[in-house]
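Visitor: Those protein sequences? They're chains A and B, same order as listed.
Per the working numbering: the first sequence = residues 33 to 170.
Per the working numbering: the second sequence = residues 5 to 136.
It should be emphasised that the hints constitute simulated quantities derived from the structure, not laboratory data.
For each residue, glycine too, the CB sits at the ideal point set by N, CA and C.
Any given hint could turn out to be false.
[As the list claims (entries may be wrong)] Derived DEER-like restraints, expressed as beta-carbon distance ranges:
id	chain 1	residue 1	chain 2	residue 2	range
1	B	K134	A	V100	51 to 57 Å
2	A	V108	B	L18	34 to 40 Å
3	A	S58	B	I15	49 to 55 Å
4	B	N71	A	G47	47 to 53 Å
5	A	L168	B	Q50	26 to 32 Å
6	B	G96	A	S58	38 to 44 Å
[Unchecked claim] Within a straight-line C-alpha distance of at most 35 Å, the following computed DSBU-like cross-link-like pairs (lysine-lysine) qualify:
id	chain 1	residue 1	chain 2	residue 2
7	A	K159	B	K130
8	B	K125	B	K85
9	B	K21	A	K159
10	B	K21	B	K134
11	B	K125	B	K43
12	A	K159	B	K43
13	A	K159	B	K85
14	B	K21	B	K125
15	A	K167	B	K21
16	B	K85	B	K134
17	B	K125	A	K159
18	B	K21	B	K43
19	B	K21	B	K130
20	B	K130	A	K167
21	B	K134	A	K167
22	B	K125	A	K167
23	B	K85	A	K167
24	A	K159	B	K134
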Amino acid sequence: MSSFKVFDIAGSAMGAQSLRLNLVASNLANADAVTSSINQTYRARQPVFATELQSALDQRGAAAGVEVRGVVESQVPPRMEYAPEHPLSNADGYIFRPNVNTIEEMTNMLSASRSYQDNVEVANTAKQLLLQTLKLGE
Amino acid sequence: MAINFDNALGIHPLALKLREQRTDILAGNLANADTPNYKAQDLDFQTVLKGLDRSSAPIKPALTQANHQLPAVAPFGPELKYRIPSQPSLDGNTVETEREHLRFAENAVQYQASLQFLGSKFIGLKTAIKGE
Numbered sequence: 033m034s035s036f037k038v039f040d041i042a043g044s045a046m047g048a049q050s051l052r053l054n055l056v057a058s059n060l061a062n063a064d065a066v067t068s069s070i071n072q073t074y075r076a077r078q079p080v081f082a083t084e085l086q087s088a089l090d091q092r093g094a095a096a097g098v099e100v101r102g103v104v105e106s107q108v109p110p111r112m113e114y115a116p117e118h119p120l121s122n123a124d125g126y127i128f129r130p131n132v133n134t135i136e137e138m139t140n141m142l143s144a145s146r147s148y149q150d151n152v153e154v155a156n157t158a159k160q161l162l163l164q165t166l167k168l169g170e
Numbered sequence: 005m006a007i008n009f010d011n012a013l014g015i016h017p018l019a020l021k022l023r024e025q026r027t028d029i030l031a032g033n034l035a036n037a038d039t040p041n042y043k044a045q046d047l048d049f050q051t052v053l054k055g056l057d058r059s060s061a062p063i064k065p066a067l068t069q070a071n072h073q074l075p076a077v078a079p080f081g082p083e084l085k086y087r088i089p090s091q092p093s094l095d096g097n098t099v100e101t102e103r104e105h106l107r108f109a110e111n112a113v114q115y116q117a118s119l120q121f122l123g124s125k126f127i128g129l130k131t132a133i134k135g136e
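All chains, full assembly: derive it from the sequences and hints.
Guide: Right, here's the structure in full:
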């Protein structure tokens, strides 16, 4: 029954948004993870969203859910800081801070949680409509 | 005299099906609110209703080569259209969440209306069958 497709769609979006929230949490948690080598520094991670192509192709190209294509690391160079007194500083006295932009991450978090709420609401409404449909003719 | 259910129920089963399809499409729009390059779509009821009288057949692509193939299901019918955004965004996404929300709510109410009409039809039929 095609009525349940709406749950797949809302569910895929909720999954994608919760992954985004997880990445925000990871980025914020590691925002101050200082290292002594540029190669070991944590880099901000972001999800890549795309429309589910398969479901877009069947059923007259109608409604399609979201899939997460992957997680990419930010290409912004980590921040280099001169701190010779820091226990993790390298031979030249530098430490490396992750390229996490906390303000960006906070707005990302708000956007993700709003989108998640939207999809919960969609799923709730669809559920109510289906329950009413089951009672048809009573 | 036999009861013909198709005639007895009128346009309501079809309306219900269309509302259900629209629920899926609007849910898809809301689900893709953060997907770059996603284009919001919607059902055009005028086109759907016009298609009902079967006079306007859908346009089919011409097969000019021997190895050309028609898709099993048409990718999308003429009734499915892209929305024109009032505020286009830089990432090519044309979903305007608040408007989609309103349309979703509107569609839910219309679905319930269709459902109620259909329910009353059934109750009417029941009364007719019982003859009380």
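Visitor: Decide if the proposed pair is consistent with the structure: B:K130 and A:K167, CA atoms, cutoff 35 Å inclusive.
Guide: holds, 15 Å
Visitor: Are B:K21 and B:K125 close enough, with their CA atoms no more than 35 Å apart?
Guide: Status holds; Cα separation ~16 Å.
Visitor: A range of 26 to 32 Å was offered for this pair. Does it hold for the Cβ distance of A:L168 and B:Q50?
Guide: Roughly 27 Å apart at Cβ, these two residues keep to the hinted range, so it holds.
Visitor: Take the C-alpha atoms of A:K159 and B:K134, compute the straight-line distance between them, and say whether it is at most 35 Å.
Guide: holds, 33 Å
Visitor: Kindly confirm whether 51 to 57 Å is satisfied by the beta carbon distance between B:K134 and A:V100.
Guide: holds, 55 Å
Visitor: Measure nothing beyond the straight line between the CA atoms of A:K167 and B:K21; if it is 35 Å or shorter, mark the hint as holding.
Guide: Holds: A:K167 and B:K21 sit about 16 Å apart, inside 35 Å.
Visitor: Measure nothing beyond the straight line between the CA atoms of B:K125 and A:K167; if it is 35 Å or shorter, mark the hint as holding.
Guide: This hinted pair holds, its Cα atoms lying about 14 Å apart.
Visitor: Falls inside 47 to 53 Å, the C-beta gap from B:N71 to A:G47?
Guide: violated, 39 Å
Visitor: So if I understand the rule, the pair passes when the alpha-carbon distance is 35 Å or less; does A:K159 with B:K43 pass?
Guide: Holds, at about 26 Å.
Visitor: Taking 35 Å as the top limit, are the C-alpha atoms of B:K125 and A:K159 close enough?
Guide: holds, 23 Å
Visitor: Between B:G96 and A:S58, does the beta-carbon spacing fit 38 to 44 Å?
Guide: violated, 27 Å
Visitor: Check whether the Cα positions of A:K159 and B:K130 lie no farther apart than 35 Å.
Guide: holds, 27 Å
Hint violations for this structure: numbers 2, 4, 6, 11 and 16, all remaining hints satisfied.
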